[in-house]
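Engineer: These are the residues of each chain, in order.
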Amino acid sequence: MTLEKLKNILEAILLAADKPMNVQHLDAIFSGDEDRPTRDEIRKALHELSDDYAERGFELSQVASGFRIQVKQDYAQWVGRLWEEKPARYTRALLETMSLIAYRQPITRGEIEEVRGVSVSSNIIRTLQEREWIKVLGHKDVPGKPALYGTSREFLDYFNLKSLDELPTLAEIKDLDKAYPELALDDEEESDAPSEQVAEMEDSAEAEAVADEIETELDDDADAGTSSASGV
Amino acid sequence: MTLEKLKNILEAILLAADKPMNVQHLDAIFSGDEDRPTRDEIRKALHELSDDYAERGFELSQVASGFRIQVKQDYAQWVGRLWEEKPARYTRALLETMSLIAYRQPITRGEIEEVRGVSVSSNIIRTLQEREWIKVLGHKDVPGKPALYGTSREFLDYFNLKSLDELPTLAEIKDLDKAYPELALDDEEESDAPSEQVAEMEDSAEAEAVADEIETELDDDADAGTSSASGV
Amino acid sequence: MTEPDPQAATVSANASKQDEMPFALVQGEPLTVVPQDLYIPPDALEVILEAFEGPLDLLLYLIKRQNLDVLEVPIAEITQQYMSYIDMMQTLKIEIAAEYLVMAAMLAEIKSRMLLPRPTEAEDEDDPRAELVRRLQEYERFKQAAQNIDELPRIGRDLYLTDAELPELKQDRPVPEVDLKDLLMAFKDVMARSEMYSHHQIQREALSVRERMSKVLEKISAHDFTDYTSLFSIEEGRRGAVVTLLALLELVKEQLIDLVQSEPFASIHVKAAASSEK
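Protein sequences, first through last, are from chains A, B and C. For what it's worth, the numbering used here labels the leading residue of the first sequence as 1, then goes sequentially. For what it's worth, the numbering used here labels the leading residue of the second sequence as 233, then goes sequentially. For what it's worth, the numbering used here labels the leading residue of the third sequence as 465, then goes sequentially.
Think of the hints as simulated: they come from the structure by calculation, not from any bench. If you're wondering where the values come from, they're calculated on a predicted model, not measured in any experiment. Accuracy of the hints is not assured; some may be wrong.
Sample of chain B residues at the chain C side, in silico, Cβ under 10 angstroms [to be verified]:
1) Lys237
2) Leu278
3) Glu280
4) Arg300
5) Gln302
6) Gly312
7) Glu316
8) Ala320
9) Leu326
10) Glu328
11) Tyr335
12) Gly342
13) Gly349
14) Asp373
15) Leu396
Cβ coordinates follow ideal geometry from the N, Cα and C atoms, glycine included.
Generate the whole structure from the sequences, applying the supplied hints.
Structural biologist: In structure tokens, the structure reads:
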């Protein structure tokens, strides 16, 4: 099949599908076809589609669960007018809980409460679970066997992320003894600078390790050939 | 607003909208905008979009209630595979019902229920009829006039049988089970061979012998309630 | 604090930036005594309380309000401000979450330790504020992270998913495959089960008769008589004739057909039972 035809089929599929599709999913659709394209051809076609859309109102976006065609952010303001309802807002409590789970997974409710200094309402956990943004990864081996929470692929999809690596960098923690008054804490750029990222404390290193782990798990497109967790 | 931008906004809207949009709807979305396009500009933009899509996997189609972006029919073959269902498995209840109709036809639903000891769902009957494995042969002259079911030509064809004679008898099924505890009927040839043999033997059998057998069988049916007609 | 009322939380979130919180309406200085002549609806103060995500958040606010770095938290001053806030809440009889009181105790303890002369050798590691500062920073980075996540483009606000109309799909739903073996096993099982509650055993299935019964029923109609002889075929021989005859007798017995003979030795006609629909 020609590249043009493959591109058209792929864009037809992506436009019709109601969830992101990874290369594996797309490949499976052609199984049984006589002139079945290779996965490399599929990747090439996706790449070209992405280029084709450069000047259009929509784009090909790669998120955790695969590729999807979405409206470009530039046109969101007009598209949003289609619906009378305003997009949902999330409370700070929910967002803080969510960010702790995202950066510190696997984490228990107790550990979240420790950092936030207040109890986490069951409502928030329930809401996050209902949205399928978080899931129970297991249970911590301490008295009470509290659930360990982690983020799901849907969470990444929702925020247009490919992996946890793409989350904004956490601000660093400064040592009280090395305090310099001129180092204003609330200067965001300062803390996001890559050079300082390296100096981050163990906490964030830990979070990154978790992120790596999850990334590997999700990474079925990059090296579809290799073994690991390709059941996704 | 340039024509290019208007086109992009329109295609973004049409792709995101969950219903067709007419020029009036589209026009309303720009109300309040400073550089609000005219309706003629909107029409022109739609026209150009339609041309742009000529070589793509989707098209701009106009239906009674307006415009919408639609996957081209040419690609329906692949898009349809997104929702392709795996063939389900038939339930135990369905197979039992089918086997009773095969071996005991003509048989009413009530009679099947009597043997199975549980009611037979209408779904099962409907499924078997839709598959054209069974058909209504007539109606029994008892209150309610229940339908009498029997097997069809398609049933025999599917199971590669020339006639119902080729179905093994219950005794044979039991014997096979005993003879090859593991292989039991795993292989179709295995199960076909003995039944053919029996069929041949029956051919040469005296009609009286056959008649006897059948007589007993009929008695069984007639006095199903009583214990008098014990089997052979 | 128990679980915050989600609605109240939404209100506070909508009020957005803390720096603009109505707390500043209390004249930049926290009130220690509520003016008796001024009625402040308790609801309004609850909104203020809800604006803070807990004692750490409140402390951060008090520090930032003075443009100070968390690292140089002026314990004495902050403790005093914090306590006034708590006092005000108590005066207004607003239920204060336990966490706020625990923090008050912690602040008091730090304050008292800072007043004590510090042994010089332990100076480096033993700043009594260390733990509080660590917690404040830790909380602050996640407060920031929450804001960052909130600003990420998200579906339904910044991004919209596309959903093109589908072409006409020929959905041929595949039918289940059935192995003859499964069918036979089902029959064996159902017969085995039926044996358990019936008194007789069925050893032999008279398949050819049952099948012939079906065939006869197919051939005949309820409206017209079918010639009896047309149901037999010479090729089947004697055995075939017996089977057909038995099938006919069985059908008569089950009142599924009518056999009609107008006079002795005249031809016999078969008709589906009158009540049949076909």
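Engineer: So, for every hint listed, does it hold in this structure?
Structural biologist: To see whether the hints hold, each was checked on the structure:
1. Lys237: Not OK, violated: Lys237 of chain B not within 10 angstroms of chain C, min 17 angstroms.
2. Leu278: Violated: closest Cβ of chain C sits about 15 angstroms from Leu278 of chain B, beyond 10 angstroms.
3. Glu280: violated (18 angstroms)
4. Arg300: holds (5 angstroms)
5. Gln302: Holds: closest Cβ of chain C sits about 4 angstroms from Gln302 of chain B, inside 10 angstroms.
6. Gly312: holds (4 angstroms)
7. Glu316: Holds. Min distance 8 angstroms.
8. Ala320: At about 5 angstroms, which falls below the 10 angstroms cut-off, the nearest Cβ of chain C leaves the hint on Ala320 of chain B intact, so it holds.
9. Leu326: Constraint on Leu326 of chain B satisfied, holds at 9 angstroms.
10. Glu328: With a minimum Cβ separation of about 4 angstroms from chain C (threshold 10 angstroms), the hint on Glu328 of chain B holds.
11. Tyr335: holds (5 angstroms)
12. Gly342: Where the cut-off is 10 angstroms and the nearest Cβ of chain C is about 13 angstroms from Gly342 of chain B, the hint is violated.
13. Gly349: With Cβ-Cβ at 6 angstroms, under 10 angstroms, it holds.
14. Asp373: Since chain C brings a Cβ to about 4 angstroms from Asp373 of chain B, closer than 10 angstroms, the hint holds.
15. Leu396: Since chain C brings a Cβ to about 4 angstroms from Leu396 of chain B, closer than 10 angstroms, the hint holds.
Going down the numbered hints, you'll see the structure goes against 1, 2, 3 and 12, while the others check out.
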